[in-house]
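4 protein chains.
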Amino acid sequence: MDDIPVWSKDHVRMHLPQRQSGSHKGTYGTALLIAGSTGMPGAAVLAAKAAMRSGLGKLVVATARESITPIASHVPEATFEPELMERINDPELDLTSYKAIAIGPGMLPDQKTEAAVEHLLQLGKPLVMDAGALSERTYAKTEAPVILTPHPGEFSRITGVPVEKLQQQRAHHAANCAVKLGVTIVLKGQNTVIAFPDGETYLNATGNSALAKGGTGDTLTGMLLGMLCCHDNWRHAVLNAVHLHGACADEWIKTHSAHTLLAHELTELLPTVMKPYEQQ
Amino acid sequence: MDDIPVWSKDHVRMHLPQRQSGSHKGTYGTALLIAGSTGMPGAAVLAAKAAMRSGLGKLVVATARESITPIASHVPEATFEPELMERINDPELDLTSYKAIAIGPGMLPDQKTEAAVEHLLQLGKPLVMDAGALSERTYAKTEAPVILTPHPGEFSRITGVPVEKLQQQRAHHAANCAVKLGVTIVLKGQNTVIAFPDGETYLNATGNSALAKGGTGDTLTGMLLGMLCCHDNWRHAVLNAVHLHGACADEWIKTHSAHTLLAHELTELLPTVMKPYEQQ
Amino acid sequence: MDDIPVWSKDHVRMHLPQRQSGSHKGTYGTALLIAGSTGMPGAAVLAAKAAMRSGLGKLVVATARESITPIASHVPEATFEPELMERINDPELDLTSYKAIAIGPGMLPDQKTEAAVEHLLQLGKPLVMDAGALSERTYAKTEAPVILTPHPGEFSRITGVPVEKLQQQRAHHAANCAVKLGVTIVLKGQNTVIAFPDGETYLNATGNSALAKGGTGDTLTGMLLGMLCCHDNWRHAVLNAVHLHGACADEWIKTHSAHTLLAHELTELLPTVMKPYEQQ
Amino acid sequence: MDDIPVWSKDHVRMHLPQRQSGSHKGTYGTALLIAGSTGMPGAAVLAAKAAMRSGLGKLVVATARESITPIASHVPEATFEPELMERINDPELDLTSYKAIAIGPGMLPDQKTEAAVEHLLQLGKPLVMDAGALSERTYAKTEAPVILTPHPGEFSRITGVPVEKLQQQRAHHAANCAVKLGVTIVLKGQNTVIAFPDGETYLNATGNSALAKGGTGDTLTGMLLGMLCCHDNWRHAVLNAVHLHGACADEWIKTHSAHTLLAHELTELLPTVMKPYEQQ
Ligand SMILES: Nc1ncnc2c1ncn2[C@@H]1O[C@H](COP(=O)(O)O)[C@@H](O)[C@H]1O
Ligand SMILES: Nc1ncnc2c1ncn2[C@@H]1O[C@H](COP(=O)(O)O)[C@@H](O)[C@H]1O
Ligand SMILES: Nc1ncnc2c1ncn2[C@@H]1O[C@H](COP(=O)(O)O)[C@@H](O)[C@H]1O
Ligand SMILES: Nc1ncnc2c1ncn2[C@@H]1O[C@H](COP(=O)(O)O)[C@@H](O)[C@H]1O
Ligand SMILES: [Mg+2]
Ligand SMILES: [Mg+2]
Ligand SMILES: [Mg+2]
Ligand SMILES: [Mg+2]
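Protein chains in written order, with UniProt numbering: chain A, 1 to 280; chain B, 1 to 280; chain C, 1 to 280; chain D, 1 to 280.
Hints listed in this document are in silico derivations from the structure and should not be mistaken for laboratory results. Note that beta-carbon positions come from the ideal geometry of N, C-alpha and C, so glycine has one too. Some clues are possibly wrong.
Beta-carbon label-pair distances, calculated as ranges [stated by the list, open to error]:
1) B/272 x A/8: 32 to 38 Å
2) C/176 x D/251: 44 to 50 Å
3) B/165 x A/21: 49 to 55 Å
4) B/21 x C/138: 48 to 54 Å
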């Protein structure tokens, strides 16, 4: 397995979409983010900010009461779907117009979350599942990509593979799991592994220990959601999001201590970090 | 219709007012912004921030409870008129001292909004109508300008012209509608069309696809409101606002990815973008 | 009256205190700011931020519920005195430890405000009165400075002098009023007049029309409060605050449009604007 | 006592840990911050922001209702433990997984605080005690460091030594107290004294009068908490935190007036101030 290809800077350059001059927000579609809870309101802020920076057209957030004011301050561009989790099985709730959905940052892995995930999986929309949305379960076959973004601890929780064993053969376990479940696995950590359901697997070479701090995963989830909206090819969206997330951290440590990064600052670096990838 | 004039950089330079040295906030007047709702609190933040950056004297905001804290954080310079929508027909409510009014960002196109619009149209004040305030209706003749800022979807909703047909002859349809209704139409999108009630029509040449994201229209509404306060000639106010809004986005993409702009950042660029237009 | 001296850049340089190396927050004292109301929460944010930037040791704010979260976001360094206005005559409330007090920004000129002013005047502490705290009244003789900061409209309201007449002889009327009432008058506007109770009068030469917008007066009140804490000579505090407030606006327009300044940005410029005055 | 060594720039350089490339947030551990109250919500914001910038893995905050929204805005990376103070003796509350704990900023020195301190001292975790958590008490012998961060007034309150006497022999009194109580004393002020329980004592040479303002102590507490998480040697954590806190203030006054610093800006300087200490 030591010949896993790296998704390189050049790959990103070639596969990052240009925003077309005649486009409008409808061109990129509306993303739905379900995130945040009373004890973890900030995760929704981080993911929302990251999503809106990553190329989508519009963002709707379903979140906890505690997250609304901070989101409206950080990203006044976002709108809200109130009480979505409570109405998830309400036949009047129509989620079919969303282009992509992410669920999990700052949420507890409880029955309510599981019920929502269950429902979302049936929509046939690109779906990112992180943190509280990650559980030990199987997936029905769908055309639409299902993307799981566990860190090693979460991967272990949903697969039963012990962390130590996992870390010795990260790509192997990620690919196994992806093929078996029929989903995409983004196994986070140094050299994040991206394994697609058909076994195709890449390593990410960006990022550093400045990311070893709470909140950076929530930012990644938001970036994945946004990138899914502006890419035609969802695999490129996933690979580019992971690469650029790490590239922001690499930019940070050029002039700042690695101990000091706050996850929301990744998003502030993204506009200038992403720019050179788009030229030519 | 391919000879529609462009409102150019030079036009803006010639018609942008200088802030006079002996002026005070009363010189520029007080603007009223009605915007925001429980699910769309941020639209009021965006419009308020844009308005206060665009030359007015004072700003009063009538908004949803959810918007107050974020506005007081982003623009502590704004004040609030509580429960205005509820008291809109209250004879004690005196709106005659406002210099210009904008309504609609982040509001639903419901009966309450319609009733407020109805009332505001009778005031004989410059009135900007956007988003939730846009509906299929007729307008009584007034001296005071009524400015509608639909994107193609909204234009279609209020005129019945299908979007595809509209987009093939944007200037034609905008001008038709402006003359017929006796209002100013700002038909948004690439090369925004500004059509005045007498048929005079301009194209805007600034802006780019970084604007193809939720919230940028709310920022434009705020800029229009502010510019109406500091211009003597309201047509120049409209044309200059549209031009400068796009110019901020053009500045953004010089050094930032077009995928990453947040609408509130337009307003942060305005102070330096506007400066060179004022020199000599 | 055309020989009124200007409080110049050199005056400020000579009379701006250096922060002493062995000092601690107690050296500069604790200031009390009473400001803000439901409809004007932001005024308290502006004044609080300005005060904490202007050399005090600690700041306590008595304000409206709506102002607390925005203040805790903008100036987490401030603390709060809850329900102060309700307890103003409570014998348990001890205000004697404050070094200076300001009241009025974002407040209504109602009976409650008047009662608080009445009480504060008896404390014998440097007191800044602005906006809602300004009323037609007389003042008992005290050692402690009482500083009124009316704009022309407010000056007219508290003295009966019509605005037009006032503006023709600003220094004359300000000085008259200062001597008659035994207070310091800061008559705001282009070339702000500072008139002391003994008739000594200065003009300010900084500032420009970027200040002609809501909120800039609240910022000045905060700066006056802060400067009273770090100056030994309260007259210098008043004169320096007015000068530096205008100097921040002068810095702004070097690179930004005068139409676009938000009052809270004055405070963000203060640290670098003030620095060169301290050298040597 | 005039031969107390200074913890110098070179000491920091030698003893500041590098963030290891293969690390993850678990490597640095989770810190618990207990801070803030209704009247002092901002202290929790300051300490939380400082902690997350100072190398920890995750941060959990137990705080007042008023602090939650400002923290979620400033540091959306933090999470919350609701009602912790109320449940402090609840056997279901498990605090054993925290790597380090800080208590006191923005809290009142009342019975509830004392009860919490009592409980925390029994956990055997590195514990920082500041402000409201400082009281006249004795300490049981533990392996885990207990770090008290009084300013002279607080030192006097908990030891009975009058401030004037204390200030004449700061190192002497700090060391005495540290040895007697078996704790580490960070006696703040110009040339902060760091005295360890075995009598080892250092002086800090960074910092200046820009720090003589409310809130800077809360920032230090947060930095201490964060540094305890990323240092193997807790003494180095304490010494480095104090040094870097002052170094940020020293950076500030190079280009900004010493009168104008807000404590939360120290934390914004930390990433670039800390960087050169890490090189080679
Ligand atoms: N040492 C490291 N090197 C590179 N990336 C890291 C490192 N530690 C954490 N990350 C990234 O930071 C994020 C952490 O996500 P989470 O564990 O969900 O907070 C993921 O994107 C990880 O890949
Ligand atoms: N591709 C584009 N090129 C130029 N301007 C655009 C483009 N897409 C959107 N805009 C502008 O962005 C704003 C969108 O407004 P709204 O649709 O109300 O959010 C309007 O000012 C549009 O003119
Ligand atoms: N045209 C102007 N030139 C200089 N300063 C001004 C001008 N207009 C307003 N100001 C200042 O802006 C502030 C306005 O205060 P207020 O009227 O209370 O909001 C005062 O400090 C005025 O002196
Ligand atoms: N004059 C000064 N020189 C250096 N450091 C100071 C000075 N005044 C205050 N400090 C520091 O600022 C902080 C004040 O903490 P506190 O008194 O708790 O707000 C401590 O870290 C002090 O060491
Ligand atoms: Mg995570
Ligand atoms: Mg719109
Ligand atoms: Mg005023
Ligand atoms: Mg303290």
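Is the distance from the Cβ of residue 272 of chain B to the Cβ of residue 8 of chain A consistent with 32 to 38 Å? The hint (32 to 38 Å, Cβ to Cβ) holds, given that residue 272 of chain B and residue 8 of chain A are roughly 36 Å apart.
Does the hinted range 44 to 50 Å hold for residue 176 of chain C and residue 251 of chain D at CB? Holds - the Cβ-Cβ distance for residue 176 of chain C and residue 251 of chain D, about 49 Å, lies within 44 to 50 Å.
For the hint 48 to 54 Å, verify it against the beta carbon of residue 21 of chain B and that of residue 138 of chain C. 35 Å, violated
Is 49 to 55 Å respected by the C-beta to C-beta distance linking residue 165 of chain B and residue 21 of chain A? 21 Å, violated
Checked against the numbered hints above, the structure breaks hints 3 and 4 and satisfies the rest.
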